[in-house]
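Q: As a plain string of letters, each chain reads:
There are 2 protein chains.
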Amino acid sequence: MAKDFSTRAENYSQWYNDLVIKADLAENSAVRGCMVIKPYGYAIWEKIQATLDQMFKATGHSNAYFPIFIPKSFFSREASHVEGFAKECAVVTHYRLKASPDGKGVVVDEDAKLEEELIVRPTSETIIWDTYKNWIKSYRDLPILINQWANVVRWEMRTRLFLRTTEFLWQEGHTAHATNEEAVKESETMLDVYAKFAEEWMAVPVLQGTKTASERFAGAIDTYAVEALMQDGKALQAGTSHFLGQNFAKAFDVKFLTRENQLEYVWSTSWGVSTRLIGALIMAHSDDNGLVLPPKLAPIQVVIVPVFKNQEQLDLIREHVIPMKKTIEDKGITVKFDDRDTHKPGWKFAEYEFKGVPVRITIGPRDIEQGTVEVARRDTLEKEVFQMIDIGNKISHLLVQIQQNLFQKALNFRENNTFRVDTWNEFKNVLENKGGFIYAHWDGTSETEDKIKEETKATIRVIPLNNPRENGKCVYSGRPSTQRVVFARAY
Amino acid sequence: MAKDFSTRAENYSQWYNDLVIKADLAENSAVRGCMVIKPYGYAIWEKIQATLDQMFKATGHSNAYFPIFIPKSFFSREASHVEGFAKECAVVTHYRLKASPDGKGVVVDEDAKLEEELIVRPTSETIIWDTYKNWIKSYRDLPILINQWANVVRWEMRTRLFLRTTEFLWQEGHTAHATNEEAVKESETMLDVYAKFAEEWMAVPVLQGTKTASERFAGAIDTYAVEALMQDGKALQAGTSHFLGQNFAKAFDVKFLTRENQLEYVWSTSWGVSTRLIGALIMAHSDDNGLVLPPKLAPIQVVIVPVFKNQEQLDLIREHVIPMKKTIEDKGITVKFDDRDTHKPGWKFAEYEFKGVPVRITIGPRDIEQGTVEVARRDTLEKEVFQMIDIGNKISHLLVQIQQNLFQKALNFRENNTFRVDTWNEFKNVLENKGGFIYAHWDGTSETEDKIKEETKATIRVIPLNNPRENGKCVYSGRPSTQRVVFARAY
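These protein sequences, in sequence, are chains A and B.
Per this note's numbering, the first sequence starts with residue 1, numbered consecutively.
Per this note's numbering, the second sequence starts with residue 1001, numbered consecutively.
Just chain A, with the same shape it has in the complex (with noise of 0.2 Å):
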């Protein structure tokens, strides 16, 4: 595997995306702004897909599927919705090809004019609430819980590989709740998942918060959201979560008979993660030796390598192997054997330190003499010989420790770089300098927040729950503020 990739320092950037590229994981398509999402990459949103999705179903919630398409006026019933998401997007127009008047090819026969547009979703609450309307009726139908996984497009300008394409895979949970109070408890019940997630399967501590107005999502009244800190300094939102009022309920006139027999508008949330994890993924934890992966959303957890020089030494690795490799399998662990004789070992122990299998176990003649294997992990690049025996218990413990070890390492990083700051050249001397996350005080008003974030590029990126108190003076302002809020340039 060739390391003729840059490194983080020289370039960031070019690093993110020629990882992303060289460990097969994705790639640009034909289609303008449209990945492909290869093998490699793919069996890690499955690892992804598998563990929200059981986490969700814990959580009380069933999977469901809604159609591709929305009516272009659904659009227009939510407004602050519309302004959102309407604007970008595909829209399909017309239903029928025809053979082109000129013999070549196929062009867009003008008769199968549809009589209204159909936008390929961005987001679904609308048809998902025209559909509701009909499911709910009295307090008896609610709570509704569903899921869905699907496709999404949204017309971005601007594409890079995982974080921002103009289709991504996500999913998004629709309820629908017949208090106020049940529906915030939904939100935040969903946010603490995705926290979970984050941090016990991704290895990425995240901040849980709140976002300010201008950051919210298009149609709701409060925006929950995790976000990470990259290896660049940079905050990377990994999910976000809804609560949306009667706002939907109201725009597609969604009433339910309560248990005092009143009608009432119901309550919503919405909630979604998308294939953007996997860039997060990616930019929290790899180097300049290639991938690192967490093992828990590793696709192959463990790789054997043989090493030999003719047919029977490596039939007699193969005899040591299989039940060794059985041992750590009935453990739950992934394990690849890679006896390939046409790649030299050197050339596969590159292979997979580039994409991030967190532990090789390396093997020849003299380890099989001795009882042992040759241990290495990907995360800290140690290597250790490890006697033959209770093999699958000590490489389950080592699987263990790299994860936890993953997690404190972006958790020391997140520490170091992440300040408290009073002045406004502070603030700027901070970003430019040492980027990271900000705590500073804020007077609470969209100027501002719109000031900082055209001087400097820094957001809100969140208003954290439980805030402390704190009389300050804002940063920028330097009106009187209450509490301080997190600043940060992001993805």
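These are calculated hints, taken from the structure and not from any lab test.
We put the CB at the ideal spot given by N, CA and C, even for glycine.
Among the clues, some could well be false.
Claimed, not checked - Covered, in the sense of this in silico footprint (three residues per stretch, anywhere, with C-beta under 8 Å from a C-beta of chain A), are these stretches of chain B:
1. 1034-1040
2. 1070-1083
3. 1101-1109
To be verified - Now the in silico label distances, taken between C-beta atoms and shown as ranges:
4. A:192 - B:1310: 32 to 42 Å
5. B:1115 - A:422: 48 to 58 Å
6. A:346 - B:1115: 31 to 41 Å
7. B:1115 - A:384: 56 to 66 Å
8. B:1457 - A:332: 45 to 55 Å
9. B:1336 - A:181: 25 to 35 Å
10. A:58 - B:1257: 45 to 55 Å
11. A:347 - B:1409: 35 to 45 Å
12. B:1141 - A:133: 50 to 60 Å
13. A:264 - B:1310: 53 to 63 Å
Said to hold, decoys possible - Here are the computed lysine-lysine pairs in the DSS-like style, where the Cα-Cα straight-line distance is at most 27 Å:
14. B:1137 - A:22
15. B:1331 - A:47
16. A:98 - B:1113
17. B:1255 - A:22
18. B:1098 - A:113
19. A:57 - B:1057
20. B:1104 - A:250
21. B:1453 - A:98
22. A:331 - A:296
Could you slot chain B onto chain A? The hints should help.
A: Showing chain B alone in chain A's frame:
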């Protein structure tokens, strides 16, 4: 659960529609021809997906994801493919909406017209072969064995829930090979997978064979299919696997360097099944009392309904049910305990019968005294009293029996509705009065096939694999024939 729906004898088509809607499987959406798959229907799809996905992986395939949009010009590359697919499709022509000048809602922004229109994929051969072109240089890059789970859109004029919808969910396998033989073998392997899945999981016996030229996939050299017989005597194609020869490699100029250092076009296959399988499942087994689901694909396999007069009795029952439920679940069985006090047992019996839950366990205070439960099976509607002892194994065996019985019943039905026919009058007579599969001689011409279709609506479903040679005369033209083929009217 209301039973106010048509019987199969009264109106088979209406019976099917009623079932789908009233069993909460799916419904029509606000978008013409697109369905909403409701949680209960989607749970069946999840089981289908999980099972097939495992089978694909066991045969060496990986998942990946390709763009939903296909540039219009791609379709024109393969001559017969454009004929088959580019006609009725959703065409994206613009990428932006703007506020309407009249202030009401949004309109298409004519300044945001795409240079080349994008087609929402009806199938992905073209975009995938455009991608494979960059992945394949030499025989070392082959085979490529990839599957994609995705949504696709075909602009259907007449739609029916699950059976034919504008948007549907499916999987599409796309493989690339170094030799003709290997690609043919792959198509046959995947046909086997589909046949095995249909028979062992769906409990639906299928005929395996190849399609005639006029029924082939647009762009294929050979289309293999599995065909099932529905209760109204109509056939339903339950999966297809295509040997594409070098057609797409030629269209997208994908060559590889052979071991002998020659440049050759790559050989390929594609294969798919869709949410249509849910339609097949319903039509094959269900009855006038509602859904009948094969245990292996039922979202709920066992429901436990308590019969009680007061809270005290319910508490007592609960005490016994909780460990029993656990014992059954430990066998890998999905169990629901419906202890709601808002509905009477009779209502619940009807509900779960209608929704096709394979086994119902009823338990009341007297059962507890006697250490028994009442067990009802959905397939035969029989009830039996079981001793609680060893209940896990008993229920597990019962589910196996039900699965086998459903398959046997469907097989008997097919055998009773399969006819060997030698004259044209008999052919029309059987079709009109009995339906089913008709084995008849055919002269091998598309002309005869077309005429038969025109006069009777029957098509050749398959030329069976390993078809015995037999001299005879074409049932329509009287011309000589060497084998019988299978005719039926079809969905």
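Q: Does each hint hold? Answer for all of them.
A: Checked hints:
1. 1034-1040: That given contact holds, which follows from 6 residues of the segment 1034-1040 of chain B lying within Cβ reach (below 8 Å) of chain A.
2. 1070-1083: holds (count 8)
3. 1101-1109: Holds: 4 residues of the segment 1101-1109 of chain B have a Cβ under 8 Å from chain A.
4. A:192 - B:1310: 32 to 42 Å: 39 Å, holds
5. B:1115 - A:422: 48 to 58 Å: Given about 52 Å between the Cβ atoms, the range holds.
6. A:346 - B:1115: 31 to 41 Å: 48 Å, violated
7. B:1115 - A:384: 56 to 66 Å: Taking Cβ atoms as reference, residue 1115 (chain B) and residue 384 (chain A) lie about 58 Å apart, which means the hint holds.
8. B:1457 - A:332: 45 to 55 Å: At 54 Å between Cβs, range holds.
9. B:1336 - A:181: 25 to 35 Å: 28 Å, holds
10. A:58 - B:1257: 45 to 55 Å: Because 51 Å falls inside the window, the suggested range holds.
11. A:347 - B:1409: 35 to 45 Å: 57 Å, violated
12. B:1141 - A:133: 50 to 60 Å: 52 Å, holds
13. A:264 - B:1310: 53 to 63 Å: Roughly 34 Å apart at Cβ, these two residues miss the hinted range, so it is violated.
14. B:1137 - A:22: Given pair residue 1137 (chain B), residue 22 (chain A) holds - Cα atoms ~16 Å apart, limit 27 Å.
15. B:1331 - A:47: Holds, at roughly 25 Å.
16. A:98 - B:1113: Between residue 98 (chain A) and residue 1113 (chain B) the Cα gap is close to 19 Å, so the pair holds against 27 Å.
17. B:1255 - A:22: 22 Å, holds
18. B:1098 - A:113: 19 Å, holds
19. A:57 - B:1057: 25 Å, holds
20. B:1104 - A:250: 18 Å, holds
21. B:1453 - A:98: Judged against 27 Å, a Cα distance of about 26 Å means the pair holds.
22. A:331 - A:296: Roughly 13 Å separates the two Cα atoms, so the pair holds.
This entry does not satisfy hints 6, 11 and 13, going by the numbered hints stated previously.
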